[in-house]
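A.B. asks: The residues making up each chain are set out below.
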Amino acid sequence: MPKPLPIVPYLKIPDEGDPYLEGHRCLDCRAVFLGERSVCANCSARDRLEAVRLSNHGELYVYSITHRSFPGVETPYVGAIVDLEGGGTVKGNLIHIDPDPEKIPLGLPVELTYQIAPRKDAEGNEYLMYYFQPRT
Amino acid sequence: MSENVYIIGTDMIRFGRYPEKSVPRLGADAALAALDDAGVGLRDMQALYCGNLLQAGAMVGQRVLQEIGQTGIPVVNTANACATGATALREGWTAIRAGLYDLVLVVGVEQMGKAGLLGGGGSKGISTEGLLGSGTMPAIFAEAGMEHARKYGTTFEQFAKVSVKNHHHSTRNPKSMYQKETPLEDVMGAEMISYPNTKLMCSVNVDGAAAAVLASESKARELGLGRAVKISASILTSDPYTARDLTMPDINTCTRLAAKQAYEMAGVGPNDLDLVELHDCFATAEILHYENLGLCADGEAGKLIDERQTYYDGRIPVNVSGGLLSKGHPLGATGVANVYEVATHLRGEAGERQVAGAKVGLTHVIGLGSACAIHILERVAV
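Here the protein sequences line up with chains P and Y, keeping their order. For the first sequence, our numbering begins at 456 and goes up steadily by one. For the second sequence, our numbering begins at 351 and goes up steadily by one.
Same shape as in the complex, but just chain Y:
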């Protein structure tokens, strides 16, 4: 009988720009903070799962241990596009479920510098960028948003409202890169990157790191369940075949598949959720995921944002951290940071931005290409 898995400690560094620090140093800062939060030490850890994308070949997890203690434990480095951190977390969860370990450390870390538009990578011959459309991320997610507009008449203004909300949320999050209001006219009037995504509707390239300590149920009970958060679902999917997805990445089908499996595993439904941290890499994407995660019926996502139902005091708060749009999106750290955010609310420790009485929350990330990871977290009834 495999045991339930709990988060017994988690923390993140404030997302921002740290050109003077190395990737392992950023990861080590988050790791130490999460260990302290759990009240355990590195020497209690039986394995490390480390998510990092841009140095995926460079043994980042081992280099984190070189910063904080080379104990000889197994280290697994994961790379799964923007699902990298969540994949590391799930690998840790899997190992505890399998009965291999009682206590593992998960770190997600990324140093983005000024990474720019991403995508559109080179191949032989000539670059096709700007000749055969665009491979930049803002354009790919613009096209994903336009598919929603085509089906349901979703407007540029509705997409822009997502960014207004997430920037507003971030004003209450001291760990967010930006903490600044962006009124609708500012969002819509910002530099157009790829219609319908303006600059303020694109996630922020930042450096960041987040970490979590996972424990088996028996170990969590031994250490005291007081502030522990239960992982009641951990799901990872890849993109099932759909007719256009080799030309136009499909972020919907893999999310719907993951959501269905996650709700089944946790034994909850979307109406049971008190908050959601979802993958708002672009404002257009958040609209799609309202429906993909079942937060509203198909075709009603525009109405959901119009009615402010996803604000922190609405029916289903989404991205109260400020999301990728304002808190920032350090690729490999993002999936662990959104677990930190939800866990912090479930512990009742989110300060000014606390979602009152939060008991159940969901985290979601998408790595384009594609990987979708969903975790459902629950407050432990003590």
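Isolated chain P, as found in the complex:
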């Protein structure tokens, strides 16, 4: 079974150990970005960014509940904006929760879970993706 591909470039799949999300932190202003970059969008510092392994824990900042999407996309789903502990803001589906605004508290502690995506590309490749779920 070949190794799955990452659904987004900032999801890293090491040969050994668990997958994780990678960010880059500016050594000058401490801003944290998803993925790779060499210049800081906040302070314009060049070559002052270091790769950081982002936390699997975070807090639900805000969400939407999408009931109408593009053809073929299963609905409804909760799209979550999550602030990770130690920096970095990530968007993803929040699962294991009712898609009901009464039941989704803002500030909810969440954790990342990594799973094989339910879609393959045209060549049949599998992708690894992440979801958020309420922290247990």
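Worth flagging that the hints you see were computed from the coordinates, not collected in a lab. Don't take each hint at face value.
What the hints assert, rightly or not - Within a straight-line C-alpha distance of at most 20 Å, the following computed SDA-like cross-link-like pairs (lysine to any residue) qualify:
(1) Y:K549 - P:P556
(2) Y:K501 - Y:E650
(3) P:K558 - Y:Y502
For chain P, the structure is supplied; the task is to place chain Y on it using the hints.
C.D. replies: Frame of chain P; chain Y shown alone:
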């Protein structure tokens, strides 16, 4: 010394669906109407600034001239998401301020067809839509609204009231796509697209075009200032870095920056405004912009709509045209159409929906990604 810039003519076609017409034809219809309104001809125009987004690579401005007169003047085509039309207007303003021209034509035009949800564009690999949240515009603006709810407790009902108001306003605007009342229960009970935005809280995909003729002060005086409207501020910003904005677009910071600069340039404040046409691409967005534009204090936007202060007869009328929610949102035309709306009130020519005694108005658009354009217009004291 650079000269002030005036709008001496402006018009728009009724927003709607025109599948039988081409994009340049729609733009030409608006251009000719604006020229007629100004009492000048295409041959008086020294440059054309044309905003269009969905055919941004297809020389729409030149094709407008192929419809109405190929005079060889410079044409600049602009694309800046939903700030496309306002960016074209500002380019025209900039050129006159720079002393290059005395008379320029600005056109904003778009043919949307059934463009759907927009956003969520493809990249390599697999689509992330519905797996890593949503990239659709209704969802992005739902999340922007939820940030306001998180800070201030703003409710679904308060967001929905914006849509009730703008649909109500549009019943008095013959150029609006829809002219139909939508009571609160209809808005809240409509199909949920992305909570908290129902279908009636999403802007309408329509075809449309709007145009304006801009003149330097000396040329405007020569032609007669009678119906001219002064552009007392023209501001364009991009999004300054904020901590979440590469994941969750920030429509607030660029608007606040633009508003501050616009009020300074015009020498007016939010309390001097008689009407505002702001970017209600979704009902949630209008609530945010009440505060971003300083129409009320931070945290009071929900109260502003509860108290009906932004109705046409309220303290600060917002989107008396019906806004993007009911008049419609043809991307590249929107920023010029809201200038048409405010200018028409300042001229006292808005008919049934006229804001009485309007002297100063503000237009605002946001192109996600982001661009914010604000223009402040003033009636000329004759």
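A.B. asks: Against each hint, give a clear statement of whether it holds in the structure.
C.D. replies: Each hint tested on the structure:
1. Y:K549 - P:P556: holds (17 Å)
2. Y:K501 - Y:E650: holds (11 Å)
3. P:K558 - Y:Y502: Holds, at roughly 19 Å.
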